[in-house]
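As given, the protein sequences belong to chains A and B, one line each in that order. Residue 3 is where the first sequence starts when you use the working numbering, and the numbers rise one by one after that. Residue 55 is where the second sequence starts when you use the working numbering, and the numbers rise one by one after that.
For the record, the hints were derived by calculation from the structure and aren't laboratory data. Given the structure is predicted, the values throughout are model-derived calculations rather than measurements. Each residue gets a CB set at the ideal place from its N, CA and C atoms; glycine is no exception. Among the hints, a few may not be true.
Simulated restraints, written as ranges between beta carbons of each label pair [to be verified]:
hint	chain 1	residue 1	chain 2	residue 2	range
1	B	76	A	100	34 to 40 Å
2	A	170	B	67	52 to 58 Å
3	A	15	B	102	30 to 36 Å
4	B	97	A	141	34 to 40 Å
5	A	186	B	87	52 to 58 Å
6	B	87	A	197	38 to 44 Å
Output of the computed footprint for chain B on chain A, the stretches with three or more beta carbons under 8 Å from beta carbons of chain B [as the list claims (entries may be wrong)]:
hint	region
7	135-147
8	200-207
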Amino acid sequence: MAEQGEYWRWSETSWEDSTVDWRGASAVTAGVDVGSVSSQAVLLADGRLLSFFSTRTGSSSPDSALRAFRGAGEPLGLTMDDVGYCVGTGYGRVNVPFAQRTITEIACHARGANFMAGPSVRTILDMGGQDCKVIRCDERGKVLNFIMNDKCAAGTGRGMEVIADVLSVPIEEIGRRSFEIDDEPPPVSNVCTVFAKSEATALLRAGWSVERVLAAYCAAMAQRVAGLIERMQVEREFFITGGIGKNVGVTRRIEQLIGVEAIKLPTGTVLDPQIAGALGAALFAHSLYRKESRDS
Amino acid sequence: MIANYGYEDGSGFYYITIDGQACAACADRACVAACPRRVYAVEADDYDDLVAIVVEDARKRLRELCAECKGQNGDGGAKHTLPCTSACLAGALRHSW
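Chain A with its partners taken away, still in its complex shape (with noise of 0.2 Å):
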């Protein structure tokens, strides 16, 4: 729940399957994905799913990074003696101090992406916080080609949190809000976030409801996204990861920009497309780590 004037704060998320006697496993093995705006890790007892946790990236990577570990591994008693091998990945993935390997992201979300939504995924849009990634994979979600944009902050994670707070919105209602609308607005003209702000503003002036001025936003940051899609060409299926991944004034507009329906997890699934990093990251650690074992 947003507190009193931080309509950007998105909830915490954690989960753990208690049932799992990961005492029992031969190796526990951990994700880290220290992102710029959130951090995930998640836990895989044998290369199953044991527990998660999504919190925010605060100013220092490796005290973040450990938080995620330890909001996933505390509720089950598990410490970071207790793990077999970590991978750290994420723009502060070299920071995480007790991880074994790096991978990038886009390895990892591939990977994640692979798991989370099954082997026939072969496009993937990561809406990262401060960047977008577009990413062709083959059926074991080993990464074909990948293209990305950090430069700026559109179409991100991080502009959707400042629009939030512009038009006093909590951001998990943004996606559903700017749906009460009459008909589709044309699309904000900037999507550069400190632009963005300054026309949301305007436009409300101007007598535009708050959900208009959402939905003109959305679109906006769709059509940006869609352009990047398009010059990967999109291959089906397709799979939408990322905190922006949630939204789905964001994800259904891009749907029908690029002509093709992203895969929806089921209903009642505990998975997060925000954590699709983190668990490709566990994935790789579970790999490696046999490989190690059988190596040794």
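Since the structure of chain A is provided, determine the placement of chain B on it from the hints.
Okay, now just chain B, sitting in the frame of chain A:
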């Protein structure tokens, strides 16, 4: 793996594409020495193949860093050949602009 390094901004689309499969088969990696602005390096990718990459510091400055070489190729220059793409005998390098 085909990697597209670079960015899009209000002025254009600036990406260097490296075909990792073609690049991994090349022993010379002459692109690294050919670039006067040290845009390239050789690193193991996520799947442990040794390939050329665009270094982190250069990824958001390609338009500026490559301007010197591209400028030489204007108006009767070297017919749009760049030191990096000329040095890449594997044909693994491509500029988008």
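Right, here's what the structure says about each hint:
For residue 76 of chain B paired with residue 100 of chain A, a C-beta distance near 37 Å keeps the hint of 34 to 40 Å intact. Range check, residue 170 of chain A to residue 67 of chain B: about 36 Å between beta-carbon atoms, so the 52 to 58 Å window is missed. For the pair residue 15 of chain A and residue 102 of chain B, the beta carbons lie near 33 Å from each other, so the given range of 30 to 36 Å is met. Between residue 97 of chain B and residue 141 of chain A the CB atoms are about 26 Å apart, so this pair departs from the stated range of 34 to 40 Å.
Residue 186 of chain A and residue 87 of chain B have their C-beta atoms about 53 Å apart, which keeps the hinted 52 to 58 Å range intact. Range check, residue 87 of chain B to residue 197 of chain A: about 42 Å between beta-carbon atoms, so the 38 to 44 Å window is met. Counting residues of the region 135-147 of chain A whose C-beta lies closer than 8 Å to any C-beta of chain B gives 4; at least three are required, and the coverage claim holds. With 0 residues carrying a beta carbon less than 8 Å from a beta carbon of chain B, the region 200-207 of chain A misses the three-residue requirement, and the given coverage is violated.
In this structure, the earlier hints numbered 2, 4 and 8 are contradicted, and the remaining ones agree with it.
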